[in-house]
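Turn these sequences into a full structure, and let the hints steer you where they fit.
Protein chains: 2
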Amino acid sequence: MADEKPNCKVVLANNIAKSLLEEVHAGLQKIDRKPLLVGFLASADPAAKVYADWTGKTCEENGFQFELRTLDREDLEDAILVANTDPSVDGIIVYYPIFSSRQDQYIQQLVSLQKDVEGLSHRYIFNMYQNIRFLDPEEKTKKSVLPCTPLAVIKILEYLRIYNTILPYGNRLYGRTVTVINRSEVVGRPLAALLANDGACVYSVDIGDVQQFHRGEGLRKRRHEVVEKPGWTLENCLPLSDVVISGVPGEKYKVPVELLREGAVCINFSSERNFDSGKVKEKASIYVPAIGKVTIVVLLRNLLVSHCAEQDG
Amino acid sequence: MADEKPNCKVVLANNIAKSLLEEVHAGLQKIDRKPLLVGFLASADPAAKVYADWTGKTCEENGFQFELRTLDREDLEDAILVANTDPSVDGIIVYYPIFSSRQDQYIQQLVSLQKDVEGLSHRYIFNMYQNIRFLDPEEKTKKSVLPCTPLAVIKILEYLRIYNTILPYGNRLYGRTVTVINRSEVVGRPLAALLANDGACVYSVDIGDVQQFHRGEGLRKRRHEVVEKPGWTLENCLPLSDVVISGVPGEKYKVPVELLREGAVCINFSSERNFDSGKVKEKASIYVPAIGKVTIVVLLRNLLVSHCAEQDG
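Chains as they are written, first to last, in the numbering used here: chain R, 1 to 313; chain P, 1 to 313.
If you are wondering where the hints come from, they were derived from the structure by calculation, not from laboratory data.
Treat the hints with caution; some may be incorrect.
If several chains are the same, the list does not tell them apart, and a pair holds so long as it fits within one copy or across any two.
[Unchecked claim] With a straight-line Cα cutoff of 25 Å, these simulated DSS-like cross-link-like pairs (lysine-lysine) come out:
(1) 279 - 5
(2) 57 - 254
(3) 142 - 57
(4) 5 - 140
(5) 142 - 221
(6) 254 - 49
Remember, predicted model here, so these are calculated numbers, not experimental data.
See below:
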């Protein structure tokens, strides 16, 4: 009588990306010219070049223009300022690492708000943490841009119906418990904040500690607060979590799958496989092994929005 | 900064019933005559009369015919047999209690399978527990009828998007933990079985004990199994549960809301309020205070299906 195989649904980023691309293509129909993304490559890291080429390919396949500007890192600041004021440029992407992390952050803040399709400007990041969803909170016409990788995870959770559309916008993760493994400034921490702002109870796990991001009982708070969970580890978080999202760099790390709640939804955003794919299928209801293809579509989506805002503004 | 009010969405049965009624009305368009439901009233319980009148009203408001046959209980058996073979009768409903519980069960089994719109025939109940979804498992043309109240709860959970349509049909509650309070043969136990057959981990709680209904790791089993949870009480079940469904008769019983998981979905199927409505809104993301109006639409839906099967067969 019993089936032999576990019932885990593996969802590939490609399929999720396709449904988002349809939206993007529909948007492109309505505009006069192909939006132009300019990439600045001043990084010595070969992975940066790979990512740049991949961006270019995806842009061209999907009706966007891409122009890669390879240059010495000393010329980068001026080149960004020129692109900022060039009306033919719709979006700017800079490939890191270039200098030190601190100086790279300085560079990133040079990109004008209107052309920052990665959503890394301080104003955007501030709005995201503060749960301010529009640049013009009164009129609500200009959405504040969200950083691409965390937004890609959200789009995936929407696709997987983890966001419950019966609940009001802004509260659609109410009742969900999510563990996010890794608390980097680039993805892990903003992601935990975004999910908690949407109503989830989020455990943000890093090497040293566990923090809970949450809007309080009855979601009474307008934005999330962060509480330390002293003594907590994955052993406390994973058995409670409906959704587990992991992005630990390096080949060695594996999520302890035996701690997962039966039927958990598991998403990997690391470039390595944080879940042993055989073991995770024994326990998870849904498993998303990688998210890169969604991230790049989210970038195109931001580029389209940025182009349209420019036309209107 | 903080809002004062908790963010609980109260969903009324009426709204859920409306969306199901649209389906029913669309089905009525396609047939030649109004389906006829015959009700047999031989019960001395005034509540039976109230329910009968309410059935009649709902039938007539929604394009069905209803005929109430009030009779002595000694004449009931023959009357059911006559209705069974009368081609103008599409569905039969008998209002209980009449005799002893045991004899009432005997009466219920007299109603022909084709006209049993309440889904109470042994064959239907057997199929439900065994997770057999069709009367003809090979051809899959005739759906096995599900009992109205448990089915109403399922329709509510579908409406509330607790069933995740990204998962394959039959597994759409995979990853959900549900507590069902009350294990009556009429609603509580079949409901626990139905939810577990659809992939949920269900804690079925009664005065004496807690049982877990579940299809095992990776939902490998084709149908649910039942495991005793010795020593368990609501204190163990409620903090684990995404969904809490309560149907305890009597005015006194209240679910201990302080044990609920933050953001739980709470559904009351008792005719009394098992949840203190003020307190539950502090903790729940969604609260459904009553389900009666959905149950009756489910009955109409079964009646329509029964009429159409007759026309085809």
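Going through the hints against the structure:
For the homomeric pair residue 279 and residue 5, the shortest alpha-carbon distance inside one copy (12 Å) is at most 25 Å, but the shortest distance between copies (43 Å) is not. Proximity of residue 57 to residue 254 under the C-alpha cut-off of 25 Å is found in neither arrangement, the shortest distances being 32 Å within a copy and 61 Å between copies. Taking the shortest Cα distances, residue 142 and residue 57 never come within 25 Å of each other, neither inside one copy (29 Å) nor across copies (51 Å). Proximity of residue 5 and residue 140 under a CA criterion of 25 Å is satisfied inter-copy only: 24 Å between copies versus 49 Å inside one chain copy.
In this assembly of identical chains, the alpha carbons of residue 142 and residue 221 lie at most 25 Å apart only when taken from the same copy (24 Å versus 50 Å across copies). With identical chains, the CA atoms of residue 254 and residue 49 are never at most 25 Å apart, being 28 Å at best within one copy and 63 Å at best between copies.
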